[in-house]
Amino acid sequence: MSEVDKSRVAARRALVAGAAAAMAGVLLAPGIRLVEVARAAPGPNKPGEPVSSKVRWGLLIDANLCTEGCQECVLACNRENGLDGRTRPTDSQWIRKVELKDLRSGRKASAPVMCQHCAEPPCVDVCPTGASFKRADGIVLVDRHTCIGCRYCMMACPYKARSFIHETLTTQKPEVPRGKGCVESCTLCVHRIDRGERTTACAQACPTKAIIFGDLNDPESEISRRVAQVKTTQLRADLRLNTGVRYAGL
Amino acid sequence: MSAIAIESVQTRRFWGLAAVGALVLGAGLLGAWVMEHHGHVITGMTNEIVWGTPHVFAIFLIVAASGVLNVASVGTVFGQAAYKPSARLSGLLCVALLTGGLMVLMLDLGRPERFVVAATHYNFTSMFAWNVFLYTGMFALVALYLWTLMERRMYRYSRPAGIAAFIWRIVLTTGTGSIFAFLVARQAYASAVLAPLFIAMSLAWGTAVFLLAEAGLNAWRGTRPAPEFQRRVAKLLGVFVAAVLYFVVVYHLTNLYFAKQVAFERFILLDGGIFPALFWLGYVLLGSAVPLLLVWRPAATSRALLGAAALVVVGAFAQLYVFIIGGQAFPLEIFPGYEVTSAFRDGEIAGYAPSVWEVLLGVGGVAAAFLIVVVGVQVLDFLPDETPAGVRAS
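Listed in order, the protein sequences are those of chains A and B.
If you use this note's numbering, the first sequence corresponds to residues 89 to 338, in order.
If you use this note's numbering, the second sequence corresponds to residues 2 to 395, in order.
Since the hints were made in silico from the structure, they are not lab data.
Just so it is clear, CB atoms sit at the ideal spot from N, CA and C, and this is done for glycine as well.
It is possible that part of the hints are untrue.
[What the hints assert, rightly or not] Cut-off 30 Å, straight-line C-alpha distance, at most; resulting in silico cross-link-like pairs (BS3-like, lysine-lysine):
#1 A/K261 x A/K222
#2 B/K236 x A/K319
#3 B/K85 x A/K189
#4 A/K196 x B/K261
[To be verified] Interface residues of chain A toward chain B, partial, derived using beta-carbon atoms under 8 Å:
#5 V143
#6 K185
#7 E310
#8 L327
So here's chain A without its partners, still in its complex pose (with noise of 0.2 Å):
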């Protein structure tokens, strides 16, 4: 090989070498970026970190506080998930407000019923594909992935909680994925929660601050010393199923 060829071969060397570097740099710094913006997010829930069960996240309802005929924390709900706010047989709901009159004293009371985030979820333990599932903080979620839609779940909910989309949507929202033939339900606004926020749209939403979110594992959280104060109670504790949404004022 001539030397022009030796130093041709090189030129060639070099640029490859350099659109290589190029292409790398091209193709690897948006996910290393990606990956600098989402450690800085902020909260314990870092993206790839799994969620811890030292938490417990919960919601006391006050009944004394709830407005009868205030439908707020509906909503804003609907709202925030993408809910069309519909109330035919087959629409969804997953919150919904239940007025109650005591048949005995007469006594009347309102309050919002959603998923109860049960400890020992029968939705979870009756799901064939493990769909229906518990994160390590307590919150109960279906994955959309894996639902057959046989609601199943929606037989073993103690709670009426759970809906099955009866048809086609339109109006969802890219954090709350939904679809036809699925089940689904409250899902204590885990998008809320996983970007770091502490609130969820109903409570945040709620005039009276009947509705508190927060951590039932830390003594220091507002629920927590809330819960300790007053007599609270859990829907169809009978069952025992160790819900994460307590009631007071019932």
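Guided by the hints, dock chain B onto chain A, whose structure is given.
Chain B alone, transformed into the frame defined by chain A:
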């Protein structure tokens, strides 16, 4: 008539029957496709009535599938020689009904195309997941059992195979009953008595289906009916119908004894509209009392026995409708002692009117079972005696 002429009549009838079966099955598949395309919004099912008419059909077919193997079991396991020739037909009916039932169950899923997910992801605390194994195991065992019955060299293994299938079907029906028995939340279910009730139901419904199928096949093939055998099987049907009635009485009496269940019992037995009507007239009177009278009457005609079997099937559908739909229509008691109202219909009796699509799907499951039996009998030797009634012994 010569044997050849009879065979040609049989074949002509076969094509007719197969065409009817295929047509109805096609209508069922159309129903399933429409449900899949539009979603369950076009059915009568809602967030309250989660399981509708397809489940009534599917559970009837699956439970009857287990019971229809009675004839084979009585012959092979309990050594009653009169039942042995019908064991093959009994096995074929079992496979056919199970296929029809599972077809309806799968096509009623919200995402039927995720059938592979159901076959690859198992949660072993779920009764449904266990049932997937119980159903596939049932297919395998009955296929094995049929092989031992149809292949001369394998015949000596037919007893162990028959015993295995017998035990398996008892477990299978316990599993089907437990789908409901393990539902702690609902007043209608959550009872251990459902497991033996389902076993008794399977024995009764399966025996009734066997009697009807055998008579139908005799009519088609022009084969000799065996009145004495029919009478024996019908007597057995009577015992099973009485057993179901016993468990139903125990189930309702237990509920009536628990104060918290009284409102539900009142709804199902007294003031729940269509449900008490179906329970008393459909199940108790037509589905149990009349068949018992027909079967146990001395010198009952063949027509009366078949009438009894048909009424047992009618009663079964009435009973399942009350059990499945009625059980869901009664509201969940989330706030005991309170009157409850909400936009999600808390505290309300749920309404339900089945749509044509879901009825088609259910009937399609029956057609699938029918088609399997018709084709099976045409191509393989499933019937006890294929000597046509008109042919003189030479």
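Quick rundown of the hints versus the structure:
no.: 1; hint: A/K261 x A/K222; in the structure: holds, 22 Å
no.: 2; hint: B/K236 x A/K319; in the structure: violated, 62 Å
no.: 3; hint: B/K85 x A/K189; in the structure: violated, 64 Å
no.: 4; hint: A/K196 x B/K261; in the structure: holds, 22 Å
no.: 5; hint: V143; in the structure: violated, 24 Å
no.: 6; hint: K185; in the structure: holds, 6 Å
no.: 7; hint: E310; in the structure: violated, 26 Å
no.: 8; hint: L327; in the structure: holds, 6 Å
Violated hints for the displayed structure, listed by number in ascending order: 2, 3, 5 and 7.
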